[in-house]
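Given these sequences and hints, build the entire structure.
Chains E and Y supply the protein sequences, listed in that same order. Add 569 to a position in the first sequence, counting from 1, and you land on the number used in our numbering. Add 210 to a position in the second sequence, counting from 1, and you land on the number used in our numbering.
No lab work stands behind these hints, which were simulated from the structure alone. Some clues are possibly wrong.
Only pairs whose alpha carbons sit at most 27 Å apart, straight line, appear in this in silico DSSO-like list of lysine-lysine [claimed, not checked]:
1. 893/E <-> 800/E
2. 821/E <-> 847/E
3. 656/E <-> 239/Y
4. 215/Y <-> 675/E
5. 298/Y <-> 239/Y
6. 298/Y <-> 656/E
7. 917/E <-> 656/E
8. 287/Y <-> 847/E
9. 800/E <-> 215/Y
10. 287/Y <-> 675/E
11. 675/E <-> 239/Y
12. 821/E <-> 675/E
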Amino acid sequence: MQEFREIITRRDHAEARELLRAAGLDAPEGAAFGLGCYEDGFLGGVGFLAGNILCGICIHPSRRGAGLAAGIVSRLIQHAAAQGRHKLLLFTSAAEMPKFQEIGLKLVAQSPHAALLEFGQPDCAAWLEDMRGVLQEQRQAMPTAAYGQTGAIVMNANPFTLGHLHLVRAALQRCVYLCVFVVEEDASVFPFDVRLALVRQGLGQEPRAIVLPAGPYMVSRASFPSYFTGKTAHSRIHAELDSTIFAVRIAKVLDIGVRFVGQEPSCEVTARYNAALKEILPQHGVVCVEIERLSSDTHAISASRVRELLAGPDADLARDDLRKLVPETTLGFVQSDAMLGIRNALRKHQNIY
Amino acid sequence: MSGIKTAIAGTLESNDIMITVSPSRQEGKNTIAVESIVMRQFGPAIIAAIEDSLTQFEVGFVHIDARDRGALECTIKARMEAALLRYKELPS
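In C-alpha cells form, the structure reads like this:
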C-alpha cells in the first residue's frame, strides 16, 4: 500500500535524513514541513516545504521512475495552498532540472550546475511585466528627457550607510537611470520595510535612482540560499545561478545594461558573488562594474560596523563614529525609539546578520 | 504570500490534472492557460472540458491554470468541479 504522510517521529526524520544523505543532499534547515511516500512501511521518497520553497525532494534509487516525485510535489503544493502560499520555488541541480520540468514546474533559469524552477502565480514573467510597468512610470516622471543606459545595484542595506550612498552616486555617473533593488528576504535584523524606507529617504536627493524591492529572483532564499546561511560550501554554485537569472531574465526585460557591485573586502560569500557576476554577466551582454569602497579614516564603511556600534551602549549613538558611517536620514532613525527592538535583537545575537 | 484568492485541485501525477483557479486577468471574460503532455492531440478537448465546467458552475470571471498529465475527460471535470467549489468558498 502506498501512503503519503507527514514526517513526524524521530524515527521518520532519521530515515528521511539517511535517504537524503545517500543521495548527497543535506536535510533542510529550520522548520520545514516534510512529506514521505511510504510503501508498505518502506520510505520510497521525501520532500520538504520551507516557507515558499520546495526542497530536499529525493526518491530512493530503487523507486525512481515510478512517479513518486510528482506525488510528493503535488501534495506539497496542496499543503502550501492550504496555508495561503500559491507561489513556490525550487532550487535543484542542472542534472535533475528536466525531471521537475516534466512534472509541470516552470524553469526560471539555469546555470551550468544549478536551476531554479517555479510553480504558481505571479511567475517570473508576470513579476517582470509588473516591474517594467513601475520602472516605465518612474522614468517618465523624471526630469531627464534624454534616453540612456539603465544600470542596477542590488543591496541589502542593513541599514543604509554612507557607503551605499557613495556606491549609488558613483554608479549614477555611469548611467542615466539606476535601479536600486533592495533585498526583500526578511532575514536581516532591520526588517525589509525599514531597510527600503531608509534607502528611499537616503536617496531622496538622487532623482535618477529608482528604489525597488528585489522580489524573489534577486538574492533571495531561493536564488541564493547561502547568502542567508553564510555557508561557503555551495556559494559559488548559488552565486552563478543568481547571476544567470539576473542576466537572462531580469536585465533582458528591464533593459538593464550594467550592474554595479561594491568591492567586498571581508565577507567571503559576497566576494564570491561579485566574482560570479563579473564572469557571467558579460557572457550575456551585461556589463559588470566593481566600485571601490568608501573608507572613513582607515576603516571601510560597512553596515556590519554600524550594527556593531548599535549593539553597544547608548552613549555610542551620540558619538561621532556613527555620524561618519551613516547619512542623516539613517542616523535619525537609529536614534529614535523605533530602534529599541532592533538594538535588543542585536545585543542578544552578537553575530546576527 | 501572494494574497490573491486562489484554489487548487488535482495533482501532477500521471493521468491526472492540476487545476488552479484565481481571479481573471481580463475584465469581463474567463482566461484559460493549459499546459499538457498531450497538447497537440487533445488540447482543444481539454479546453472544451474546462469551458463546460465553467458554464456549469457560476463563479464569476476567473483565470484557470491547468497542468495536464494525460487526464481523462471525467477526471478533468471532477478536478474542475472541486477547484471551482473551493474557490467559491474562499473569502474574497
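Each hint tested on the structure:
no.	hint	result
1	893/E <-> 800/E	violated (31 Å)
2	821/E <-> 847/E	holds (17 Å)
3	656/E <-> 239/Y	holds (24 Å)
4	215/Y <-> 675/E	holds (21 Å)
5	298/Y <-> 239/Y	holds (17 Å)
6	298/Y <-> 656/E	holds (20 Å)
7	917/E <-> 656/E	violated (34 Å)
8	287/Y <-> 847/E	violated (51 Å)
9	800/E <-> 215/Y	violated (37 Å)
10	287/Y <-> 675/E	holds (24 Å)
11	675/E <-> 239/Y	holds (25 Å)
12	821/E <-> 675/E	holds (18 Å)
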